[in-house]
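Going left to right, the sequence shown walks through residues 110 to 325 as the numbering used here numbers them.
Calculated directly from the structure, the hints in this document are not laboratory data.
Hints are supplied without guarantee of correctness; some may be wrong.
Said to hold, decoys possible - Mimicking EDC-like on lysine to aspartate or glutamate, the simulated pairs with C-alpha atoms at most 16 Å apart in a straight line are:
#: 1; residue 1: Lys111; residue 2: Glu135
#: 2; residue 1: Lys111; residue 2: Asp177
#: 3; residue 1: Lys243; residue 2: Asp177
Treat the numbers as computed from the prediction; the structure is a model and nothing was measured.
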Amino acid sequence: MKILVIGATGGVGSRLLPMLTEAGHEVHGLWHSDGDDKRLQRQGVTPHFGDLTEMGPRDFADLVTGMDAAVFLAGAGGAGKDLATAIDGDAAIALARAMEAQGVRRLVVVSVFPEAGRNRDLSETFEHYMAEKKRADVAITATDLDWVLIRPGTLQNEDGDGQVTAGRCITYGDVARGNVARAIHAVLDRPWLTREMIELTDGPVAVGRAMDALGR
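Take the sequences, apply the hints, and build the full model.
Below, the structure written as structure tokens:
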């Protein structure tokens with residue numbers, strides 16, 4: 110497949126890219142920070158420059174033309190309300206609308222677990238981030254795309270062991286970034302797994318088996 114990855118240089122994206130290229134997929138990645146284009150090229154990924162805070166459906170249309178699938182991993186990462194609106198909300202929605210217009214149907218989005226952060230005091234910035242993720246989820250699930258939303262637990266900067274718990278409604282917990290990447294890869298390899306919201310944590314089941322169970 111020809112796959113566009115938005116958020117290719119982050120903790121999940123940097124683990125996902127080699128999985129996809131080693132599987133023989135043609136991978137394209139969006140970059141913004143100096144040097145990221147060279148890093149993507151070294152990973153066998155075709156780099157495309159873009160600033161998510163300024164991109165709209167027309168910009169994304171140029172990127173998704175000819176793609177078989179897109180993966181949206183980008184997030185503001187607590188950088189403020191304006192960036193959360195622009196990236197977690199507007200950019201995700203613009204990508205989905207561009208895909209509809211260009212006839213590219215397969216979209217995998219890393220969203221957020223509804224219980225995220227509920228065990229601590231939450232700032233207005235975090236609540237706004239949650240609201241923007243929800244706004245994007247609502248817009249994406251209203252499209253005719255073959256979407257899958259993955260809602261990970263608390264992300265751990267680890268590769269993980271490929272063992273997870275996955276379901277439409279599960280107990281909140283931690284999840285290795287590497288396991289999130291594996292789950293995305295597994296979803297992309299299962300075209301019949303579509304229009305699903307998947308909550309994900311580390312657990313006892315191999316990623317592939319966990320994804321297969323969701324399609325039954």
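Against the structure, the hints:
1. Lys111 to Glu135: Satisfied, since the Cα-Cα distance of roughly 5 Å is no more than 16 Å.
2. Lys111 to Asp177: Given that 16 Å is the threshold and the Cα spacing comes to 5 Å, the pair holds.
3. Lys243 to Asp177: 25 Å, violated
In this structure, the one hint that does not hold is number 3.
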